[in-house]
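> Below, each chain spelled out in residue letters.
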Amino acid sequence: MPKSRKKFGVLSAAAAAMGLAVTMTQAYAAEKIVFWNNWDGSRAPQLRSVLDQFEKQNPGYTVENVTLSSDTTAQRMLTAVASGDVPDLYMTQANDFPKWAGLGAFRPLDDLVARDGLKLDEIFFSGGIEGSRYGDKLIQFPFKVPTSLMIWYNKDLFKKAGLDPDNPPKTWKELEDAAIKTTVRDGAVISQLGLNICLNCATGSGSENAFIEWLSRNGGEVLTADAKDVAFGSPEGLDTLKWMQGFSNRTAGSWQNAVRQFGSTFKDQRPSFYMGKMAMIMDGPFLYNIMAKDAPQMLDKVGVFVAPINGDNKDATQRYLAYGTPGYAIPAKAKHPEGAWKLLKFIAAGEGACQFFTMQQRVDTPLRNCKVDVPPQFVAAFKANGDLVQSRQAPSSFQQIHVRLQQMQEAVLLGKETPEAALKAAATDVKAILARTN
Amino acid sequence: MAEISLLRKVTHAPRHRAEGRSPGLSNTTREALWGYFFIAPWIIGFLLFSLGPILATMYLSLTHYDVVSAPRWAGLDNFSRMFFEDKEYWKTLAVTVEYSAIRVPLCIAVGLVLAMLINTQARGISIFRLALYLPAIVPLVAASILWLWLLNPQYGFINPTLRDTFGVIAPNWLRDENFALLAIISLSVWQIGHTMMIFLAGLQEIPRELYEAAELDGASAFQKTRFVTLSMLTPTIYFNLIIGIINSFQAFAAVFILTRGGPANETMVYIMYLYRRGIEYLEMGYASTMALVLVAIILSLTILIMKTSDKWVNYDRV
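Chains X and R, in that order, give the protein sequences.
When the count follows our numbering, it moves up by one through the first sequence with no breaks and lands on 438 for the last residue.
When the count follows our numbering, it moves up by one through the second sequence with no breaks and lands on 1318 for the last residue.
Honestly, the hints are just simulated from the structure, not real lab data.
You may find that some hints are simply not true.
[As the list claims (entries may be wrong)] Every beta carbon over 10 Å from chain X, so not counted as near; a handful from chain R, in silico: (1) LEU1048; (2) ILE1054; (3) ALA1142; (4) ASP1310.
[Stated by the list, open to error] Just the calculated beta-carbon pair ranges, DEER-fashion: (5) R:ILE1044 to X:ALA114: 49 to 55 Å; (6) R:PHE1083 to X:MET359: 50 to 56 Å; (7) R:VAL1168 to X:ASP373: 45 to 51 Å; (8) R:ALA1142 to X:LYS416: 31 to 37 Å; (9) X:LYS416 to R:MET1306: 37 to 43 Å; (10) R:PHE1128 to X:LYS416: 42 to 48 Å; (11) R:GLY1075 to X:MET359: 53 to 59 Å; (12) R:VAL1113 to X:ASP156: 50 to 56 Å; (13) R:ALA1094 to X:PRO376: 53 to 59 Å; (14) R:ARG1226 to X:VAL66: 55 to 61 Å; (15) R:PHE1083 to X:LYS228: 24 to 30 Å; (16) X:THR317 to R:SER1300: 56 to 62 Å; (17) X:LYS314 to R:VAL1168: 47 to 53 Å; (18) R:VAL1168 to X:ASN167: 35 to 41 Å.
[Claimed, not checked] With a Cα cut of at most 27 Å, we get these calculated DSS-like pairs of lysine-lysine: (19) X:LYS383 to X:LYS267; (20) R:LYS1091 to X:LYS242; (21) X:LYS155 to X:LYS277; (22) X:LYS416 to R:LYS1087; (23) X:LYS137 to X:LYS342; (24) X:LYS345 to X:LYS137; (25) X:LYS424 to R:LYS1091; (26) R:LYS1087 to X:LYS242; (27) X:LYS383 to X:LYS345; (28) X:LYS170 to X:LYS155; (29) X:LYS293 to X:LYS267; (30) X:LYS431 to R:LYS1087; (31) X:LYS424 to X:LYS173; (32) X:LYS416 to R:LYS1091; (33) R:LYS1087 to X:LYS424; (34) X:LYS181 to X:LYS242; (35) X:LYS228 to R:LYS1087; (36) X:LYS314 to X:LYS242; (37) R:LYS1091 to X:LYS431.
Quantities reported herein were computed from a predicted structural model and do not represent experimental measurements.
Virtual Cβ for every residue (Gly too), placed ideally from N, Cα, C.
Just chain X, same shape as in the assembly (with noise of 0.2 Å):
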């Protein structure tokens, strides 16, 4: 065989083992899902652990776990959407939620839980998955349930204090005499608080509403039922807006007066619980695993209970109204849809979900079997703030609504407007948001 002829056979042959390799490799090669949330800190470690083990089930996909920071995903978001460059699942906020649904910026999930034929009902609470639909669509699966403000309260102080730490108050009333008995101020300065009721109320601050915690437990609606007008300039709206400034006024000397000296966000205000220098504080069941990181010690101390209801009002039950829940939802122009139906089922509604819960010992689960081992002295609590959870639908303007309702009980707090004034005008605004944005 002349040498040139036997040279190209080679050749040839490692050309075609090279074509060959790499036709495999193209037939096995993972497929990338990128996943964007905000699970930072310790948690982005404990989501990678999970995060493997669907890799190691799924051995076609490999993961990019895209840890985002809260205060920059809404541009981050953004600019994806507007470019078409977005990731395969996004995990979203509660305002955040109808914003993106009412785009249409999420690929609705019917056809894919049809197909699979799953049964929501059987692996979520009613109200997670009823929060994730958008109109008649179902968006995203939760990956937790909409979770009402608890309070927490330190049964030292309210022993000191006089008060039953066995029976924590179920009125506003009870509430308003607990705070003021565990206040301790001279003056202006106050060297132990009772409580503040309008956490993160200042505009800016959080994704809480205080004015719907309260008024979800006087009766009040925040919109109609099929979310196109305004419900809470009703009396029940009133008479929550006087009862916040009053109970803030009579406990603290005004709103303000706490503010200034305990803060008024989560992060302003646990190290003062903490340290026993504030009797009760407005926080999510999540404060537990918080606690129990941040300060252990307190464990022992504490007790918890829903927020209680305007005694008052006939009508008043224990329930709280959520507009949005959190979830993972798929964008629209996904670029690996599948995989990210795969990765959706397993991290919010399979085994990867559950396991993400217990993990963190979180205890606002959205899914019905999956366990989580609180304390004793916590469960019984925990279960009623979750049974009270009402979905509402939320129109795709309701960051803007909340936003309003913020500023609306601020100026009242504040003493800028009275709470008469300043319903109206906020009646007035979400009246022109919604006409602007239906």
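Following the hints, complete the assembly by docking chain R onto the known chain X.
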């Protein structure tokens, strides 16, 4: 035969080709072409990243645009809503003007005083210069987080110190409507280093002879400062004034991190509100309108200052 024709071509080739030049181009044109070639990357960058967005902003300001759907023509709706219906917009503008009106003169005054203090040849002065300049190189985000901690009412440095040392109950700076804006301005003054260094450079440019002449004329220290230092520094003040106003109207990062515009919208500066409308509410058309009006405001103020500069800026030295 082929060699002969090639030879003929070479020998009859025009001189410009033999000299490696293009036919019919003068030296000036050639130089210009090379110039354009070299600045082409900048021009392309400008067209793509500056002019393009500016034109897009102009167009989007006349539309309702939510980023997901195509823009819908709105004519002057956004302008009319902004000027006649949106009370928050006017509040925002008022806060921005207040912020600028306090911040700009304060930064110029403090920057000038600090520059004068460090404009000596004393031993170890470079350490003071470094210490005063250092905050300016701290990234704004990091500085804001530091401020967040310093100003915390419970575990920050300032309030517990005031309370434990002097028995003073200080305000919750960032959550108090009367102090939040001042707290943000104080961060800005802390980062005064760049302004200070520009003043220092200006001070060092002033000829010594002017002070000697003033001394011979019997001028007091105050008179020397007033008639020599300040007079000769007016171009520097002019520069810092314009830059300060532009920066003030574009303030965002510190507000975003420290207060998000609260409490009671008392720190809702222009760009923060623009961000809220555009990014949080997805009203990108409205945000574009706000951006255009901001450009107009800054441009008007700059032109106003430039027009009046003849009356107070001393260019004798130049």
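> Now look at each hint and say whether the structure bears it out.
Each hint, compared with the structure:
no.: 1; hint: LEU1048; verdict: 15 Å, holds
no.: 2; hint: ILE1054; verdict: 17 Å, holds
no.: 3; hint: ALA1142; verdict: 14 Å, holds
no.: 4; hint: ASP1310; verdict: 43 Å, holds
no.: 5; hint: R:ILE1044 to X:ALA114: 49 to 55 Å; verdict: 51 Å, holds
no.: 6; hint: R:PHE1083 to X:MET359: 50 to 56 Å; verdict: 53 Å, holds
no.: 7; hint: R:VAL1168 to X:ASP373: 45 to 51 Å; verdict: 47 Å, holds
no.: 8; hint: R:ALA1142 to X:LYS416: 31 to 37 Å; verdict: 34 Å, holds
no.: 9; hint: X:LYS416 to R:MET1306: 37 to 43 Å; verdict: 40 Å, holds
no.: 10; hint: R:PHE1128 to X:LYS416: 42 to 48 Å; verdict: 45 Å, holds
no.: 11; hint: R:GLY1075 to X:MET359: 53 to 59 Å; verdict: 55 Å, holds
no.: 12; hint: R:VAL1113 to X:ASP156: 50 to 56 Å; verdict: 53 Å, holds
no.: 13; hint: R:ALA1094 to X:PRO376: 53 to 59 Å; verdict: 55 Å, holds
no.: 14; hint: R:ARG1226 to X:VAL66: 55 to 61 Å; verdict: 59 Å, holds
no.: 15; hint: R:PHE1083 to X:LYS228: 24 to 30 Å; verdict: 28 Å, holds
no.: 16; hint: X:THR317 to R:SER1300: 56 to 62 Å; verdict: 57 Å, holds
no.: 17; hint: X:LYS314 to R:VAL1168: 47 to 53 Å; verdict: 48 Å, holds
no.: 18; hint: R:VAL1168 to X:ASN167: 35 to 41 Å; verdict: 40 Å, holds
no.: 19; hint: X:LYS383 to X:LYS267; verdict: 25 Å, holds
no.: 20; hint: R:LYS1091 to X:LYS242; verdict: 26 Å, holds
no.: 21; hint: X:LYS155 to X:LYS277; verdict: 13 Å, holds
no.: 22; hint: X:LYS416 to R:LYS1087; verdict: 16 Å, holds
no.: 23; hint: X:LYS137 to X:LYS342; verdict: 19 Å, holds
no.: 24; hint: X:LYS345 to X:LYS137; verdict: 17 Å, holds
no.: 25; hint: X:LYS424 to R:LYS1091; verdict: 19 Å, holds
no.: 26; hint: R:LYS1087 to X:LYS242; verdict: 25 Å, holds
no.: 27; hint: X:LYS383 to X:LYS345; verdict: 25 Å, holds
no.: 28; hint: X:LYS170 to X:LYS155; verdict: 16 Å, holds
no.: 29; hint: X:LYS293 to X:LYS267; verdict: 14 Å, holds
no.: 30; hint: X:LYS431 to R:LYS1087; verdict: 15 Å, holds
no.: 31; hint: X:LYS424 to X:LYS173; verdict: 26 Å, holds
no.: 32; hint: X:LYS416 to R:LYS1091; verdict: 15 Å, holds
no.: 33; hint: R:LYS1087 to X:LYS424; verdict: 15 Å, holds
no.: 34; hint: X:LYS181 to X:LYS242; verdict: 21 Å, holds
no.: 35; hint: X:LYS228 to R:LYS1087; verdict: 23 Å, holds
no.: 36; hint: X:LYS314 to X:LYS242; verdict: 18 Å, holds
no.: 37; hint: R:LYS1091 to X:LYS431; verdict: 21 Å, holds
Checked against the numbered hints above, the structure violates none of them.
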